[in-house]
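Going down the list, the sequences are from chains A and B. Its first residue numbered 2, the first sequence is counted upward by one per residue in our numbering. Its first residue numbered 14, the second sequence is counted upward by one per residue in our numbering.
It is worth saying that the hints were derived from the structure and are not from the lab. Honestly, I wouldn't trust all of these hints.
Stated by the list, open to error - Derived EDC-like pairs: lysine to aspartate or glutamate, alpha-carbon spacing no greater than 20 Å straight-line:
#1 B:K370 x A:D557
#2 B:K186 x A:E570
#3 B:K257 x A:E431
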Amino acid sequence: MTMPETTSVVEAGGDATSWRRGLRRVGWRLPARSLPIALSLLNLSLSVSASPLGSGRTEIPLASSHAPAPRSTAHSEVVREYCVWCHNDTMLTGGMSLQSFDVSHPESKAPLAEKMVRKLRAGLMPPKGAFQPEPEQLLGLVEWLEESLDASAVRDPGSRPFQRLNRAEYARLIDEILGLKVDPSEWLPSDQISAGFDNIADVQTMSATLMEAYLTAAGEIARRAIGQEDAPAQARTYTNPPSVSQHEWERVEGAPYGTRGGISVLHTFPADGEYTVSMGFMSGWGERFHDVDVSIDGQRVALLRYGGDIDFQGRKDFPIETEPIFIRAGQRRVSAAFVRQMDGPYEDLIRPNDWSLTGTETSYGTTSPPHMLSLTLEGPYNPVGVSPSATRQRVFTCRPTSADEEVPCARSIVKGLATVAYRRDVEEEEVLDLMDFYRAGAAESGFEAGIRTALEAILSSPHFLFRMEREPQGIQPGQVYPLAGLELASRLSFFLWGSRPDEELLQAAGSGKLNDPAVLEAEARRMLKDPRSESLATRFGSLWLRLQDLERVSPDAFWFPNYSRQLMEAMRRETEIFFDNLVREDRSLLELYGADYTFLNERLARHYGIDGVAGEEFRRIDYPNQQRRGILGHGSILVQTSLGNRTSPVLRGKWVMEVLLGTPPPPPPPGIPDLEETEATQDGEVLTTRRRLELHRKNPSCSSCHNLIDPIGLALDNFSVTGKWRIRENGVALDTRGTFYDGTDIESPADLSRVLLKRPIPLVRQFTENLMAYALGRRVTHLDQPVIRGITKEAAANGYRMSSFILGVVKSEAFGMKRASEPTEDAVSEERSR
Amino acid sequence: MNYVTRKTLPRRSFLRAAGATVALPLLDAMTPALRLYGATKSPDRTRLVCIEEVHGVAGCNEWGASRHLFAPAQVGRDFELAADNVLKPLEPWREHLTIVSNTDVRMAEPFAAPEIGGDHFRSSAVFLTQSHPRQTQGSDIHCGVSLDQLHAQRFGDKTVLPSLQLCIESNDKGGGCDYNYSCSYTDCISWSSPNTPLPMIRNPRAAFDMLFGAGGTPQQRAQRRRTQRSILDWVASEVQEMKKHLGAVDRRRVDHYLENVREIERRIQRVEDRNTSGEPRELPDAPPGVPDSFSDHMKLMFDLQILAFQADMTRVISFKTGRDASNRTFPESGSDRAFHPASHHGGKKKGILEFNKICQFRVGQLAYFLRRLEETSDGDSSLLDQALIIWGSPMGDANLHNHRRCPLVLVGGASGRLPGGRHLRAEEGTPMANVFLTLLHEMGHDDLRSFGDSTGEFSL
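The shape of chain A in the complex, shown without the other chains (with noise of 0.2 Å):
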């Protein structure tokens, strides 16, 4: 039989793209025995329509239980049989052909070998519906490819460029300066992403963008740690977003115990001073009049009435302001919140429990209390001078009582700040120079001037922004050596804290002590220990788990009234704070896939439909059934991969595959309608998700991914827009039932959990896979796999203890040496051009 004669355009190409590709193969034929695979893989990289033909499904045990000794030839023959059928010069499904693919030397094409371990480990290929080679066939070829592949590794641990400090870092190290809350994208430029991680080297470019916002930060900053008496009166301005529920119950972290809703920040004082407060606000519907109290530190200092006229249309703004107040200098909580009225709960019928002011813009019928929608601060009128804050007394660490003690004691206090700041021992001559600051600022308007001047340098420094990394004297480009020890803690403290090395790690980094392997993993294991680890998983975790993409998702409020800013951040919570456990207890990694517990306070406990939680600390909650299991069960996972109006299968079975697996499946081609295009009922009824997706993916060309997909999030589609368990979805009972890719019949986020940890290996190397980019600060490559394959083996040895991991990572040559840059083309030929 023929296939279809079409022109061939395309030569190469990724796995993306190349399920199109078959439609533009030349004459290619085929025996009769493969031609029901080769019509369902024409198109696709992937196919799993269930072929009468095909042996059924097989499995990739664990481990053999009796290691053969490779032979190479048995495993080419398993590669010609099974995976050349697809994978030829001709068809190049997935964008790969293994026709000429010597199996007993795979490090020879290293990146193609890579590709095929990847897959075999997943268990995605042979896909269903193919012939199946014995499962322990399958298993001596990707422990021979893996083998072999270890065997012959290059032994390179990577380069990149120097990183620079990014908004998470800059705002931990300003803290651990001075002791103050900023938030950065008050002044710096969103960092790019990279492989999911925000700290990726070489994408972090230098624009005088950038650099004019790091100055302007360090003169921002270095004015609120010291204070300036003579600050012109300005305005501050804080929003709040409509989705900041402001019901009866919903206090505001910061906020006063007692209040509802309103406004709680953290806003610094330049001086001591008369400030007023106004706020404004969105009407709710029929409501009278409330009480708003404004506080400073938690000490009320104003009790306004707001209300009275109101408009109907809930969009009339009555701003009200307080008198001026009388504010000392310094960073102080600011919470203006509304009195609250009722306790216990109510029924309301007009006003239906649980109901925020979400999106009362678009949808007729939510009913509110008034919504405080800003918060402006303007002062200081009046001022009087600059009183002791906590920054301030960390700051100046002498106080001159004469004109001679003034240089002594600001050199100490510069000397102070700069040794934090850039995270070493300064030398004299650094000091030396920093004094010139102190000294142009301290003769315009005196010493604490001075200070600040110097402080605003510091904090421009290339020192403290950059985060070079030095190349020994004499080394030629590709020669690889050691990290010095200051590096090496730099890249530690960075990684395990996301911020700087403390003395103790800085004493052992001087003194050499920390190149030992013994005393790295040492400091490593204190580090691990330490409550600053958390950044681990709030930073590090968050990423991975793409956690700021809840952000992206705003359930409908006719749809979803009881879903709120405050509850998304639980949800946020619930997930680091889980994470951080697993570091903490150094547990297994597996309990993240498939825990029975998680941990919760009372908001969200309810939204799940757990009872027994009261109050708003999390705590540790076994699931009282077989509802959710690891973090599947999370709402930040849940609702990340939903629509506003409805669940998304397809969504969340691509970031199992994409996040947990690392196996990602290729995107949709172009042209194809989006779900909605699909009618919501048909014959009278309503239609469910599932319902659509199946008439949507009527196209052989779609259900051959989406047969992947989508099996994976139905499971998973119990769990509603909110991450809300429901039965029904429009009024139909759900069917969640499907079949995953390796055969097995799922249906409930436990089954997935089964199924996925059925295999651990692909999950445990696609976390460390994402710990080491986050670690090194690069993108992995097929050369990192080796070390990869490595870490996770010792740590399967481990019980797959979190430690494992991070110290695996710690101690591979990756990270603790540095292969020397070459020059890359770009640069070399705009040199000669200059």
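Given the coordinates of chain A, assemble chain B onto it according to the supplied hints.
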């Protein structure tokens, strides 16, 4: 402390902008003060604004075109904008519109198999460069020099900032960008060299600081500039010292950094030079951070652009109004559909009309800008007469990810160079780059032989 006495000034407008109500113009109250800059008049003060839309428009689909959702049926002066035409909200300024239909952005098309499908991650870099991005995630990114930067590099020295880059959407989406494309291609429309994308500022407050400097009074701003100057001097020498210990790639990075340091020194110098003729005494308070509402955010960004023009801080602005493949919803458009899914309307009438609602709402934001530009006089004419706004998209029919017959509209008089009030239909296969080449020629780049994949001039 002159601020104390002007409590009713623009702060209120920002307050409202921050709230749910419409943002009021923030610059009315300060016009007299800022007018001082106008004293240094140069003959040509054309303001170039390049605005990118990401998903094309519904009218660039076959059926949408037949309904004239973008390109009007008539060519020339007597074009009619149907009620559902995306440009309908701009009807009041039809005499300032030059609608250019039918041009292609083929540099955004895939050149090799692995590039097929990656259009969303590649297109934005193409819009103003009309060059094909190299498929990579690393530092070897390569595209072209963008139109705005060509102009800024030649004529930008007359203002403090050669150019300004603004955007609306956050770019921290989990995972990063797909298809082995660096997010630089997805997020940056301004390229100062083929491997130097310029970051775009999303926070109105940061943009304000960039334009006017932080500090509450002219004296304080001047003091900050002095400090920054000496810091920059010192930083430059520090870095020279550090360079000795670095590897080849890091040395290059430091060189880039030094170039930036010098650029900022130049900016400070320009501010100082200018201030000899008087600094504006009053500036509005800096706006708060990023508003939740798309519409409020757009208005605030437009306000800042007008402020920048009025104070003549820059004459070149690029503005990215969306992020490809974004799932943001625009309930005010009358559609509750997410942006990206809606753009994949499957070529069906119902879906196209639904997507069109979103397109019209997004394009309609321009009306606010045009009104403000028109109301703001600058010398003998309005800013709108002097402006050249290039609004367009590197995508045509987002449903198919195609880059043919893309939408392009020129707005403003470009200081008398654009007659306006016309619909020009390009011949089949005309590159959008031809229009850009002609515009560059018009703006004084006479010696430019080609731009991107241009094949010749386009008669405007």
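Structure-based check of all given hints:
For the proposed pair B:K370 and A:D557, the alpha carbon gap of about 19 Å is at most 20 Å, so the pair holds. With a C-alpha separation of about 17 Å, the suggested pairing of B:K186 with A:E570 holds against the 20 Å cut-off. The suggested pairing of B:K257 with A:E431 holds, with an alpha-carbon distance near 17 Å, which does not exceed 20 Å.
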